[in-house]
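Visitor: Next come the chains, spelled out residue by residue.
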Amino acid sequence: MEASISTAVAAGHSGAAAPPPPGKHGAAVEGSATWRLGDRIGLAICWGLGLLFCAIAVAVALYLFVQGITYLKPAMLTTPAASGFSQSESGGFSDALIGTLMVATLGIVLALPVGIAIAVWLVEYGRPAALARVAESTIEAIAGIPSIVLALFGTVIFSSSALAFLSRSNEGVVFGKSFFAAGAMLSLVALPLIVASVREGLNSIPRHVREASYAVGKTKAATTRRILLPACRPQVATGAVLGLGRIIGDTAIIVVLLGATQNFGPVEGAPFPLDYLRGVGTTLTNFVYEASPTGNLNQPQKAYAAAFVLLIMILILNAIVDLIHRRSRKVGTWSS
Amino acid sequence: MELLRTPPPIRRLPLPDPEPATEVMAPAGAGFSAARRSIGAPQFSIRRMEVDGVSISYGGKRAVRDVSLPIRQGEVLALIGPSGCGKTTLLRSLNRLTELTATARLEGSIRLDDVDVTLIEPTLLRRRVTMVFQQPNPFPMSVFDNVAYVLREQGSRRARRRTLEPAVHSALQRAGLFDEVKDNLRHPALKLSGGQQQRLCIARALAAEPEVLLLDEPCSALDPQSTQVIEDLIVKLRDDVAVVIVTHNLQQAYRIADHVAFMYLGDLVEYGGATALFGSPREQRTREYVSGAFG
Ligand SMILES: Nc1ncnc2c1ncn2[C@@H]1O[C@H](COP(=O)(O)OP(=O)(O)OP(=O)(O)O)[C@@H](O)[C@H]1O
Ligand SMILES: [Mg+2]
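Protein chains in written order, with numbering that gives the first Met the number 0: chain P, 0 to 335; chain A, 0 to 294.
Next up, chain P with everything else stripped away, as it sits in the complex (with noise of 0.2 angstroms):
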């Protein structure tokens, strides 16, 4: 569990750390020749890790390009995980890459509106001031809580028997492992990237924007809807895309809540969709954690076919958040 653990630790300070600043030399770059010696060597330390990063970035990219390309079948896309003895026996990931879509679809549907409206009640009404402040140190203190912590704690709401029509639940016990628990907690994950960018957009629109829409006579609400969300559209797609990538990259949550079974385990007697929503699966993540020298099913050819599709996915996603900002680029902005 430990390889589960640390990516999650990592993911939520990886959206905590802001770029830092541009430092004050950043602008007289060309100018470096004339540094003190100190400055000069702390240019120099800087410029070498930011290539050492890049080059691991890129190591990274091609290795699993390479792994992926190379492994990667088409067939394991719509084969489910079979129980066998060699990598031929033992089918594809379909049921994974199926169950990272519905994580992301329960999460986002669920975190996005409700991030959208605590942003927009921070920004535009903060009243009562002591609630949102308290509001906004516990979206904070959810930024940085390990996945794994916000899991344990899924574990205990939803094996209530108030919840118990979430998942399957078993004469009295409620099993209070699903999808819907799973893509609840995720949506959690994503919360606060969604909220902070959607607040980002709104602090971003001049006062004076909202006041014009005041001045020929609309309410806070409709100025609110009509005006304010529709600017910040760009903003709130970053957050939804960053959420997205977070709630496909996290592992904790699935293997605790989402049971982590290698195929569906959809609840019996329920209607359609019902039934897998309330039921078990797994998604790419945990396939490649269980398809690795670590895991339980120890097929690495699988893991790096898996790891390859995860890569083309957030890649997707960083694609379409460029997208929508040189779009929103187009629909032009304030002076000043």
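Hint data in this document are derived by calculation from the structure and do not stem from the laboratory.
There could be a bad hint or two in this list.
Claimed, not checked - Computed cross-link-like contacts, BS3-like style, restricted to lysine-lysine with a CA-CA straight-line distance of at most 30 angstroms:
(1) Lys329/P - Lys219/P
(2) Lys190/A - Lys329/P
(3) Lys190/A - Lys219/P
(4) Lys329/P - Lys181/A
Stated by the list, open to error - DEER-style ranges, computed between Cβ atoms:
(5) Trp46/P - Ala158/A: 52 to 62 angstroms
(6) Leu322/P - Ser67/A: 52 to 62 angstroms
(7) Gln153/A - Ala140/P: 35 to 45 angstroms
Said to hold, decoys possible - To be clear about the criterion: a stretch of chain A counts as covered by chain P if any three or more of its residues have a C-beta under 8 angstroms from a C-beta of chain P, and this derived list gives those stretches:
(8) 93-106
(9) 139-148
(10) 203-211
These numbers were taken from a predicted model, which means no experiment stands behind them.
Backbone N, C-alpha and C define an ideal beta-carbon position, used for all residues, glycine too.
Keeping the supplied structure of chain P fixed, place chain A with the ligands upon it in accordance with the hints.
Guide: Positioned in the frame of chain P, the structure of chain A with the ligands alone reads:
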């Protein structure tokens, strides 16, 4: 008294008590480089708003002190004065935008057609008294939708384009923008030039069919040519709406205003006809301030 939720039946008053047209005499002093645009235009002016003993403070700090003045349809009122003297604060109090600042307190009374503005539901008041800001601030949507937004019900998108078209076009026409944008009504408004954006903001403010139009330094972010277009526009508008404009440009105040109010540190120092106030100011402080512009 009950809050007024619907507009009073007659919004445009007939001319019951014509007040004398503003002075149109040539300025007494020499050195006025600016030509009065408004000379001869309004024949009558009707008192629409009344500012009566208004003081406004922000958390105990006075920004406006005991100001009284009339606002008339058929004329342009210019508020002038050094930075921080309370012009914007006074202007924003006319449509109760000051209430959005939590610390702001207002004493005295402001009346619109003899009804205290605090008795008028704010969203209704702000459709009767609309405002244009210093920074052009079109909404991030198409030119058409900017104006249509004002015409639609709160938060609704229900009214179809077709039904709104005449009203949108007429607002754009009144703002003198229609000919420039008629082929690009679906283009994003934020891609217009600064002057076009500001005229779009005026069109937006006119689309609500206001009775009073407030302009807070509408030309300060614009080039001279756009400024001139907007000045012509303001002079044309004053027959239908009472216009109040805040400006730092004394030449501009002289060019377009019929009455001028000079404020200093929150006090209304002098109020009078534009030619009188610029030509022969009564107060020493007015004279000092005005002489800077007309040397
Ligand atoms: N939101 C606010 N909170 C606290 N004080 C304010 C606020 N707005 C304005 N003030 C204060 O009220 C006074 C008048 O400000 P106001 O903006 O009305 O001046 P102004 O005449 O419009 O100045 P300018 O010509 O620079 O626009 C100033 O001293 C200002 O500091
Ligand atoms: Mg001002």
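Visitor: CA of Lys329/P to CA of Lys219/P, is that 30 angstroms or under?
Guide: Within the cut-off at roughly 27 angstroms; holds.
Visitor: For the segment 203-211 of chain A, does the count of residues with a C-beta closer than 8 angstroms to a C-beta of chain P reach 3?
Guide: It holds: at least three residues are needed, and the segment 203-211 of chain A offers 4 whose Cβ sits within less than 8 angstroms of chain P.
Visitor: Has the segment 93-106 of chain A got at least three residues whose CB is nearer than 8 angstroms to a CB belonging to chain P?
Guide: This one holds; 3 residues, not fewer than the three required, reach chain P with a Cβ under 8 angstroms.
Visitor: Straight-line Cα separation of Lys190/A and Lys329/P no greater than 30 angstroms?
Guide: holds, 8 angstroms
Visitor: How about the segment 139-148 of chain A: do at least three of its residues have a C-beta closer than 8 angstroms to a C-beta of chain P?
Guide: holds (count 3)
Visitor: Cβ-Cβ distance between Leu322/P and Ser67/A: within 52 to 62 angstroms?
Guide: Distance hint for Leu322/P, Ser67/A holds at roughly 57 angstroms.
Visitor: Does the hinted range 35 to 45 angstroms hold for Gln153/A and Ala140/P at CB?
Guide: At 37 angstroms between Cβs, range holds.
Visitor: So if I understand the rule, the pair passes when the alpha-carbon distance is 30 angstroms or less; does Lys329/P with Lys181/A pass?
Guide: holds, 20 angstroms
Visitor: For the hint 52 to 62 angstroms, verify it against the beta carbon of Trp46/P and that of Ala158/A.
Guide: With Cβ atoms ~59 angstroms apart, the hint holds.
Visitor: Holds or violated: Lys190/A with Lys219/P, Cα cutoff 30 angstroms?
Guide: The given pair, whose Cα atoms are some 26 angstroms apart, holds under the 30 angstroms limit.
Comparing the model with each earlier hint shows no violations; every hint is respected.
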